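Visitor: One-letter residues, chain by chain:
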Amino acid sequence: MNEPTQTESPTGTGGPCFSRRIARCGLGAGPLAIRTLQANVTKLCNQACVHCHVDASPVRTEQMSLECVNRCLEILDEGDAIENLDLTGGAPELNPHFDYFVGEARKLGKHVMVRHNLTVTLDGNPRTGEAKRYIPEFFAENRVEVVSSLPYYSEYFTDRQRGKGVFEKSIESLRMLNREGYGAGELELNLVYNPAGAFLPPSQKSLEADFRRRLEEDHGVRFDSLYAMTNMPINRFEKELRRKNIYDDYMEKLVNAFNPETVEGLMCRNMLSVGHDGRIYDCDFNQMLEMQARAGGKPLTVFDLDLGEAMGREIRFGVHCFGCTAGAGSGCGGETAA
Amino acid sequence: MDYYDPGDLARFPEVGKFAKDLMDKFFEYHDSATGRDGALTRREKALIALAVAHAEKCPYCIDAYTTRCLETGADPEQMTEAVHVAASMSAGARLVHAVQMQKALVKNDAM
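In order, the protein sequences belong to chains A and B. Just so we're aligned: the first sequence equals residues 629 to 966 in this note's numbering. Just so we're aligned: the second sequence equals residues 315 to 425 in this note's numbering.
In case anyone wonders, no lab produced these hints; they're calculated from the structure. Any given hint could turn out to be false.
[What the hints assert, rightly or not] Computed beta-carbon distance windows for the label pairs:
id, chain 1, residue 1, chain 2, residue 2, range
1, B, Y318, A, K872, 18 to 24 Å
2, B, F341, A, V678, 33 to 39 Å
3, B, G330, A, G809, 57 to 63 Å
[As the list claims (entries may be wrong)] Taking lysine-lysine pairs in the DSSO-like style, the calculated list, with each CA pair at most 30 Å apart, reads:
id, chain 1, residue 1, chain 2, residue 2
4, B, K339, A, K881
5, A, K760, A, K738
6, A, K881, B, K331
Note that the coordinates shown come from a computational prediction; the quantities given were computed from them, not determined experimentally. Glycine residues also receive a C-beta, built at the ideal position from the N, C-alpha and C atoms.
For reference, chain A alone in the conformation it holds in the complex (with noise of 0.2 Å):
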């Protein structure tokens, strides 16, 4: 196992080093695995949320070209251990090669898993008007499991961080995944709730309890289960704790609620994740610093990555990654705490 690397982002410069936090605990936090394959394929989105790590919104144009989807699928194909596809932006339903790659993944017996925010499903394409109501359907035949930010069981929190109508909006998008059998069982519907301001989650499970009774009693909804996240303190969300001189009270609250229990289930220890561009980073956060993964002395990216390579990297820490270690931990998965 390797050693926690000590190439911290510039953002930690002068603050609490990760690194040295993980190595004072004598954890190690190299990579374990590459189980899953996350692809960001585009930064456009119908929304623009207040706490968005990727900066996402209607007037972004990046999108991963056919060429680089391609190239994910043939190391989807070369990388047996790689079990999972998880695909995210923006809005992902949103790139043109979308419908395309779940497919092809599919047909090589992956697990696809699609970041999906609900709202798109009615909003359709901000840019181009084309109408996505296609996309319950599409995802039911394919047995994609669904992945949907809701902030909240009710509107006044949703509203507030994704935008005003959203919630009614995912209400109804929530129920057509519901009519296509997701959330009873078989097509997996899991929701992701993460905190309306700069405060740490609430545990997963009463919360999840909380959001069944409340989506069944009051709207009829259901799903499978509630991951809980921590924002990260970054991009669009970081802008916003410095506008409101709040950041540093934030990284405090993170920095202190460090939990050496959440290292071994570090969601970066398990993926690897690709950028619209093909570049590939050890998560989509560290995409978004542009903190780009490296092995073999040179950074990595789909065109010539060498899976085992890859393996031997060293993973890139910067003070953000206190988001995903603290309290009961956050993932992709939500909690990570043994």
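Start from chain A and add chain B according to the hints.
Guide: Structure of chain B alone, referenced to chain A:
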């Protein structure tokens, strides 16, 4: 010297500089009573604590338990209702004394 400096909340343990064993017992009791799920959930306890914080007019407690409420999954509507419980109880505790006033009015042959 400032009264009610928000930074003073973090200095609360310094009160244990003297009579430390009593302060240790207080913190243990406080954590047991408010910080763990029991017959009441941590969220329910946080909402009660937030209401008490308002009744006691303690700015440190209001800061601390606003955060605790959020971090246990409460929303502003629930928190505001909790404060209304405290406010209405305070109002009721005062108003019920009007019975005493009315008894005095009777005693004074004014009612």
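Visitor: If you test the structure against every hint from before, which numbers come out violated?
Guide: none
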